[in-house]
Amino acid sequence: MRPDEERDYVAYVTARLPVLRRLSYNLCRDEHRADDLVQTTITRLYIHWGRAKEAGDLHRYVDKMLVRAFLNDQRLGWWTRVRLTSRPKELPVAGTDLETKAVVQAALAQVPPRQRAVLVLRFLCDLPVVEVAELLGCSQGNVKSQTARGLTRLRELLGRDESRMDEEKVARHGSR
Amino acid sequence: MDPVERAPRRPADARFQLSGARLLEPLRGDDHPGDPGRIDLNRAIRAGRRRVRVRRLTTAAAAVAATLAVIIPTTVLANLPHPAPPAVQAPEPGFEVLSRAFTVGSAGGFTPDRYETGRLRQRITLRSADPARHVTGVITMYAAGRHPTLPTSQPAPPVAGRQAYWLPEGTSLAWEWAPDAWGTVTLSGVSERVLAHRVAQSVLPQPGPPVTVPFTVAQDALDGRYRVVGARSTYPGKTSQTSLLYDTQDPVDGEPVVEVGVRRPRPSADTTVGGVPAVVTGAEVVLLPPGREDAVFAKAQQERTMRALVQALQFNS
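Sequence order for the protein chains is C and H. Under the working numbering, the first residue of the first sequence is numbered 1, with each subsequent residue one higher. Under the working numbering, the first residue of the second sequence is numbered 1001, with each subsequent residue one higher.
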């Protein structure tokens, strides 16, 4: 890469890093893996910088790289999931319903990766169907069907968790 | 309620929009990982430069090898009045794309289920030898010099006399099956590391004949940049599957972009593709040609590609 191209690359990545980290964290809900995914994406971006710059929408091109890296990582990513520190996974955020958040987060983690990506992109990143379809390289109809399946699965999982929590409450306090 | 008085139904997707936003509401606002992160821009640049260099070198080496493969035999033939000895071919780095380079036995309670060939990586999926147990495993054998970075902090007993290491995540082992060539085994559903070691010992480098594929796929079904990078085939069992894998480059750490093949048993159709019964999901398109025991399937990133592929497959017999 020529020095002027490398300067462009550094400027672009530096400016875009917070957005990429947010998207990555929303997809995998794990700070360490989110950073690994972004690291992989910006490395690939360096290799393909020439092609990326020619893309009509550079932001979307890079977002697409990140989403694909996430889906690939879900298929065979165990190698990169080496936790290097032993500190707790997540620190609680003050002012939120932590139990509900933990339950929803755990349920979302069990939704199949592609459906999870659709749910996150639509309902946490607030992207319209057409943009989600472009990011995932599929049709809008496909995004809608994945949304329906993902929500059904999420509801099933949340229903199961709610019943389990009810049972635990009864076990702890006795039925009244 | 009188149907006239009933409120108009919202379109299905608008209902999902409301429902999805409500379900995921608790996670909103929790999208900002703590700073500073572990992302290192300089490391990305160094790794990127290294990969670009390797790609250039590989391309140059392949071009030189191809040129020599043409020039040397031609020169030899031109200068020898008597029949020339067989031309020396430049060795192709890696494995034969469509041949199994290893044999895998049943060991540690696991038995091979599916084999994926490839030039830089060959992968064997394992299932439990006992149908009542739901455990799985994956063996990945890398060509020399093409393995990912290895964590070597936990030495394991040698495999076939060569060095081996336990991997930190799950029940996993990496071992050197040939100089600078590594393989890994990862087991799910078991925690005894000794089982991973036994599985590794059952893997023997023993090149086999090319995989037989009972179909052909029309060349124009895919963009010209795509080429066959491997084949997947099952070991004898309740299900059977044979497929070809396509990509623009040989995969090492990811999945091939396109897969097309045949398998049985057939699922039940819920739609049609080109007038033929089919099953269409987000992940794949499955065609159920009448009069055949096998289903034709394709996996790709775009549904239209999958539809084109299943229709481009022709059975050989």
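Among the clues, some could well be false.
[Claimed, not checked] Pair by pair, the computed Cβ-Cβ distance ranges are:
hint, chain 1, residue 1, chain 2, residue 2, range
1, C, 57, H, 1103, 45 to 51 Å
2, C, 57, H, 1040, 52 to 58 Å
3, C, 6, H, 1238, 51 to 57 Å
4, C, 3, H, 1040, 39 to 45 Å
[As the list claims (entries may be wrong)] To give a feel for the contact side, a few chain H residues facing chain C, derived at Cβ under 7 Å:
hint, residue
5, 1057
6, 1270
7, 1273
8, 1290
9, 1307
Since the hints were made in silico from the structure, they are not lab data. Note that this is a predicted model, so its numbers are computed, not measured. Ideal Cβ positions, reconstructed from N, Cα and C, are used throughout, including at glycine.
Just pull the numbers of the violated hints for me, sorted ascending. Going through the list in order, the structure violates hints 2, 4, 5, 6, 7, 8 and 9 and respects the others.
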